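Respectively, the protein sequence lines represent chains W and L.
The opening residue of the first sequence carries number 1 in my numbering; numbering runs sequentially from there.
The opening residue of the second sequence carries number 1 in my numbering; numbering runs sequentially from there.
Hints in this document: simulated from the structure, not taken from any laboratory.
Some clues are possibly wrong.
[Claimed, not checked] Capping the alpha-carbon separation at 30 Å, the derived lysine-lysine pairs in DSSO-like fashion look like this:
#1 L:Lys10 / L:Lys51
#2 L:Lys78 / W:Lys72
#3 W:Lys72 / L:Lys51
#4 L:Lys10 / W:Lys72
Predicted, not measured: the structure shown is a model, and the values here were computed from it.
So you can see what is in the structure, the chains are spelled out below.
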Amino acid sequence: MLKCREIVSNADQLLDQEMSRRQRLGMKMHLLMCRHCRRYVRQFSVLLRAVPFMHSEASDAEVSQVMEHIHKHDTRES
Amino acid sequence: MDSDQLRRLKAGDQALFAETVRLHHRALIALAVPIVGRSEAEEVVQNAWFKAHQAIDRFEGRANIRTWLSRIVINEAKMQLRQRGRELLFSDWQSGEDAGDALAERFNGSGSWQSPPVQWETDTPESLLMRQDLADCLEQLLDGMPINQRTVLELRDSSGFSFEDICNELTLSASNARVLLHRARSQLFQLVDHYEETGQC
Chain W
1 MLKCREIVSN
11 ADQLLDQEMS
21 RRQRLGMKMH
31 LLMCRHCRRY
41 VRQFSVLLRA
51 VPFMHSEASD
61 AEVSQVMEHI
71 HKHDTRES
Chain L
1 MDSDQLRRLK
11 AGDQALFAET
21 VRLHHRALIA
31 LAVPIVGRSE
41 AEEVVQNAWF
51 KAHQAIDRFE
61 GRANIRTWLS
71 RIVINEAKMQ
81 LRQRGRELLF
91 SDWQSGEDAG
101 DALAERFNGS
111 GSWQSPPVQW
121 ETDTPESLLM
131 RQDLADCLEQ
141 LLDGMPINQR
151 TVLELRDSSG
161 FSFEDICNEL
171 TLSASNARVL
181 LHRARSQLFQ
191 LVDHYEETGQ
201 C
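Could you build all of it, start to finish, from the sequences and the hints given here?
And the structure:
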């Protein structure tokens, strides 16, 4: 039977869908019986899905700078 | 990005392109900084946006647009290094303090939870980041994270690269990449869990 520590170590691979069927089954058996690990995996999954949005949006000034750079080079190359 | 937005981008919709810049620019800067340094990251990403603008016709929409943009940034950053006669040496990226696995001390000697996770108030990615003070805590943590951990996290969880691609891009073994990613993610989890319990970073 897997220990809670192993569930946490292997949760990355579980959520990245990089586990064999046998490994997944071992995780599921433990998760059925352990509410702490169920909570960990559920919240960890929410966290990973939030990572792409952790960067704030660029400011108007940054966007303008990029667009000006593009159009300046476009003009040069056309 | 849906198919209608992709069609508009390819048709040259500049307002939509500008919105795409707004959404992804800072993530791309965060990706370039570890490779070329903060002072050159801006220039690299500017050049990458120019190339993306020129090549948008060739973007088929099969990959996430951030993944596609990230590849352009990495190529541009590597080209910049070559032009400066420098190399990408991932083994040198040991800045920042590596405290090991942030969750290691939460288990007892037999491997069971000693200090289990608390119940978080939020259960969606959107609501997690709605709290500005938590978002600020996360930003602070990311800024102080060892560069190699941060880069693997950015490539995998923000840019959507596969493990194989990460290992190829950074000349890194799969086991090493997994350890770095796990440590980065554990720090994020530890921070959010602590915040949920105490209301502080």
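Hint check:
1. This hinted pair checks out: Lys10 of chain L and Lys51 of chain L have alpha carbons roughly 14 Å apart, not beyond 30 Å.
2. With a C-alpha separation of about 24 Å, the suggested pairing of Lys78 of chain L with Lys72 of chain W holds against the 30 Å cut-off.
3. Using a Cα cut-off of 30 Å, the hinted pair Lys72 of chain W and Lys51 of chain L holds, with the two alpha carbons roughly 13 Å apart.
4. Using a Cα cut-off of 30 Å, the hinted pair Lys10 of chain L and Lys72 of chain W holds, with the two alpha carbons roughly 20 Å apart.
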